[in-house]
Amino acid sequence: MRQRKTAAKFALGTALILILVRAVWGIQAGTEKETGAEIVKAAFFQAAAELFESAWNPFYPSFSGEQKGWEAVFGREKEPDPAYRSAKALDDFYEEHQYLALYGDEETGMGENGTEPGATGGSGDGTEDYGAEASVSANFPGQVYQLAQLEDYDFLMSHFYSVHTSTTAERGLMDARKLLSRDFCIADGAKEGPQILIYHTHSQEAFADSGEGENIVEVGAYLAELLEEKGFSVYHDRSVYDVRDGELDRNKAYTYALEGITRILEENPSIQVVIDLHRDGVDEGTRLVTEINGKETARIMFFNGLSQTPDGPIPYLENPYREENLAFSLQLQLKAEAYYPGFMRKIYLKGLRYNMHLRPASCLVEAGAQTNTYQEVRNAMEPLAEILTMVLQGK
Numbered sequence: 001m002r003q004r005k006t007a008a009k010f011a012l013g014t015a016l017i018l019i020l021v022r023a024v025w026g027i028q029a030g031t032e033k034e035t036g037a038e039i040v041k042a043a044f045f046q047a048a049a050e051l052f053e054s055a056w057n058p059f060y061p062s063f064s065g066e067q068k069g070w071e072a073v074f075g076r077e078k079e080p081d082p083a084y085r086s087a088k089a090l091d092d093f094y095e096e097h098q099y100l101a102l103y104g105d106e107e108t109g110m111g112e113n114g115t116e117p118g119a120t121g122g123s124g125d126g127t128e129d130y131g132a133e134a135s136v137s138a139n140f141p142g143q144v145y146q147l148a149q150l151e152d153y154d155f156l157m158s159h160f161y162s163v164h165t166s167t168t169a170e171r172g173l174m175d176a177r178k179l180l181s182r183d184f185c186i187a188d189g190a191k192e193g194p195q196i197l198i199y200h201t202h203s204q205e206a207f208a209d210s211g212e213g214e215n216i217v218e219v220g221a222y223l224a225e226l227l228e229e230k231g232f233s234v235y236h237d238r239s240v241y242d243v244r245d246g247e248l249d250r251n252k253a254y255t256y257a258l259e260g261i262t263r264i265l266e267e268n269p270s271i272q273v274v275i276d277l278h279r280d281g282v283d284e285g286t287r288l289v290t291e292i293n294g295k296e297t298a299r300i301m302f303f304n305g306l307s308q309t310p311d312g313p314i315p316y317l318e319n320p321y322r323e324e325n326l327a328f329s330l331q332l333q334l335k336a337e338a339y340y341p342g343f344m345r346k347i348y349l350k351g352l353r354y355n356m357h358l359r360p361a362s363c364l365v366e367a368g369a370q371t372n373t374y375q376e377v378r379n380a381m382e383p384l385a386e387i388l389t390m391v392l393q394g395k
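Sequential numbering of the sequence shown, starting at 1, is according to full-length UniProt numbering.
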């Protein structure tokens with residue numbers, strides 16, 4: 001306490017001396033040319049300022065430091081501007097944790113309604129009664145949205161998306177007319193070979209009651225079987241990308257998966273659709289379940305990586321198919337809203353890339369969560385196969 005009082009007195013005295021000297025020299029400034037006296041004056045003020053700061057800074061370090069983005073107080077900088085502080089923290093985070101920028105982690109921790117702390121977007125779960133906002137037809141058990149509604153940016157974002165704070169989804173990107181005009185039909189008579197690739201970045205993901213072998217890979221096998229029955233040729237990649245040397249390594253799984261699926265796509269250029277099938281991680285009290293065709297069915301969520309932070313694109317995570325990825329997930333989402341109300345959670349947007357840059361029709365699917373049963377998640381593959389077929393066959 002005594003030291004602080006001493007420093008304060010010293011600082012106050014220094015300030016008074018500076019004021020007096022400035023007043024004296026200010027009188028002379030009107031007639032004095034830029035001579036040696038001016039140089040001496042400048043040097044004096046600089047030395048005095050440094051002396052003042054050296055005495056004050058040990059006790060009030062935030063008073064000094066001229067850094068970009070800080071608010072000026074009495075000609076010096078005091079506290080970081082809140083917006084700058086947030087952006088700087090994000091930059092520092094990505095710089096210090098580049099493995100996340102390269103590999104990422106898509107688990108949301110979100111609640112049943114598709115929202116979480118730190119995410120923006122509406123709070124609905126896709127089952128609300130929107131009255132005149134959406135039409136209900138006898139041909140559709142769910143809701144059919146009109147283009148005029150979807151072209152309203154606020155309507156689109158609040159009804160269908162949850163946006164993580166690591167990214168931003170601007171109006172120009174979320175253009176419903178463009179997104180819905182994309183054609184993902186797999187033409188009849190397409191070149192021979194597999195058309196759809198299903199793989200699992202996190203192959204060890206299991207469920208509340210999983211027994212031996214009852215994990216996300218077996219769920220993917222069932223999805224592949226259903227799509228084959230629809231007439232598609234499917235390549236189901238059972239490779240383990242999240243275990244190395246007997247140890248679980250989720251952080252590097254996206255790197256290992258990229259190597260594996262790149263090789264598969266090079267060997268099978270006929271593949272047009274790439275599906276990374278996961279299950280989400282949520283609070284233990286959250287149950288993502290609905291009833292479809294009389295079966296307890298896990299709810300699912302599409303996940304898009306935008307390869308950008310609020311500051312702009314991430315240059316080393318370029319995705320030439322970002323718009324197509326968004327179009328694919330939105331078209332699937334709308335089919336599900338029309339035919340399977342309550343099945344979908346909101347599409348989740350996050351800042352990284354998640355290996356979605358290899359094909360236009362790439363999607364990451366979160367099927368249920370660790371709180372669902374294996375059978376609930378397996379049941380979810382049936383409506384998922386149906387909506388995939390609708391979009392890929394233009395129905």
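Just so you know, not all the hints are guaranteed correct.
Unchecked claim - Within a straight-line C-alpha distance of at most 30 Å, the following computed DSSO-like cross-link-like pairs (lysine-lysine) qualify:
1. Lys178 / Lys395
2. Lys295 / Lys178
3. Lys295 / Lys252
4. Lys252 / Lys178
5. Lys395 / Lys230
Rather than coming from a laboratory, the hints here were simulated on the basis of the structure. On a predicted model such as this, the values are computed, not experimentally measured, just so you know.
Going through the hints against the structure:
Distance restraint check for Lys178 and Lys395: the Cα-Cα separation of roughly 19 Å lies within the 30 Å cut-off, and the hinted pair is therefore satisfied. Straight-line distance between C-alpha atoms of Lys295 and Lys178 comes to about 36 Å, which puts the hinted pair past the 30 Å bound. Of the pairs offered as hints, the one joining Lys295 and Lys252 is violated, with about 36 Å between alpha carbons and a cut-off of 30 Å exceeded. A hinted pair counts as satisfied when its Cα atoms are at most 30 Å apart, and Lys252 with Lys178 does not qualify at roughly 34 Å.
Restraint check for Lys395 and Lys230: satisfied, since their Cα atoms lie roughly 13 Å apart, inside the 30 Å limit.
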